[in-house]
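Trainee: Okay, here's what each chain looks like letter by letter:
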Amino acid sequence: MVETKRVIVVLFYCIMFFLMGASRAQSLSQEQGLFDRPDGTQSIVKIKAGTAVKPIKRQGFWTEVQVGTVSGWLKVSMINFGGASVGVAAIDTGRLGSGNIVSTSAVRGLSAKDLINGTPNFAELQKLEQLNADVSSVMAFMAGGNVIPIEQKIALNPATTASVANPGGTLGNASSSVTSTKPKKDDEW
Amino acid sequence: MRVLVSHQQNLKKTMNGKLMIRIFAFVLLNLAGFVQAQTDEENVGRVSAAQVLGGAALVVGYQCQQYVNLVGNSVAKQAGSNYKWHFGVIKSDAINAFALPGGYILLSSGLLKNLESEDDLAFVLAHEVSHVVRKHHYQVVQRQRLADQASKELQSIAQDGEIKKLAQASGQIYARGLDKSAEFDADRMGVELMTRAGYDPAAALNVLEKLQRFKGDDPRAELLFSTHPGPSERMDQLLQAGLDKLPRPTIRVNPTRDIRFKSIQNSL
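These protein sequence lines are chains A and B, in that order. Per the working numbering, residue 49 is the first one in the first sequence, and the count goes up by one each step. Per the working numbering, residue 935 is the first one in the second sequence, and the count goes up by one each step.
In case anyone wonders, no lab produced these hints; they're calculated from the structure. Don't take every hint at face value.
Rough simulated footprint, nothing fancy, chain B against chain A, three-plus residues with beta-carbon under 8 Å [as the list claims (entries may be wrong)]:
1) 117-125
2) 163-174
3) 184-194
Treat the numbers as computed from the prediction; the structure is a model and nothing was measured. Ideal Cβ placement from N, Cα and C applies to all residues, glycine included.
One chain only, chain A, in its complex shape (with noise of 0.2 Å):
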């Protein structure tokens, strides 16, 4: 009886990491050609929605990925990285609930428990507050690193109940939210 008791339980355990684990893994989500190379030639060799695809590196919006025997470039919203079901979010996050507090091990500083019961630093701040920058030195900065604002208007696709409720559903759908006045190659300035 005992006996049986424990099968059942390293059963259990089994599936669920097994459902843990399938639900991260890399999938498409949806049926796709293979690209030569980023923003190259489609192949031939057509992938099904829902296969596991192994990256191997990744080029700006674009990863090298294997399926199978062979191998190609996607563009990475082509894929699912498994993110998850909310069931299996909530075990990422590791949060148990309103007020409780998971318990971290101790790195130097920083942990859950430094957080809560340590004593704040004053000193520490007054030095934080001395830390600025006005606006010369960040302009000269920014040009000095070749970081050059964009005039354009940019903003991603808000937030929608279906998206949140759904995180590995259908992507790359908000290309109207982002207004360009001319639409650019991924790899174009």
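We have chain A already, so just place chain B on it with the hints.
Mentor: Here is chain B on its own, set in the frame of chain A:
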């Protein structure tokens, strides 16, 4: 007749004067309310920052601190807010960053060491700036104050005992984390700010991929993962929002930007 006209004019002047006084008083009251709110937010931020700094002090090194302030202000400028920003690097192996109300941002040296570029840093700081601008933590403090109103806790930070209470309450908020929606919101706004500033939005994916590698048993990222959604979920959210449709400033790594970032990283 002349007397009547003169009287009417005087009356009009008096009424105009009264109206002006009322408008002036209204503006003054609003201004006072705004200043008070701003001051309260700053006070909460000061105590919260002191609490985090109690766990880990600032890194000694002017160049490193100045560099983070320059990158931080580059992206914060795009938010168009009135905060006086103070960015600081704290000495800790933990992989984490903190947005404190009122414009105080703290970043761990552990996180800075593990980033790959100035663009990566711009995303991290822009994410924290967004938390401040959206008042995510300040709103939680306000809600907690309402909940504690009966016992009059957290109502004033004028006395030492109350500062301690506020500091502990803030510590709890940072240990517990925000709602997932607030984190996704800060990711989205952060990407918008950094892109507008002229940094590469693809760096957001870089940072999240990097964080994904810490997932598991690494104690350095334990607090980060207990207070934030998983990096893969954050990536999915950003891609759904149209991250990969944003214009990229440059494909090639800017040599000056790269050199100054690496120099700061090596100084840690």
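Trainee: For each hint, tell me whether it holds in the structure or not.
Mentor: Each hint tested on the structure:
1. 117-125: holds (count 3)
2. 163-174: holds (count 10)
3. 184-194: Coverage by chain B holds here, the residue count being 7 at a Cβ distance below 8 Å.
The structure shown violates none of the earlier numbered hints.
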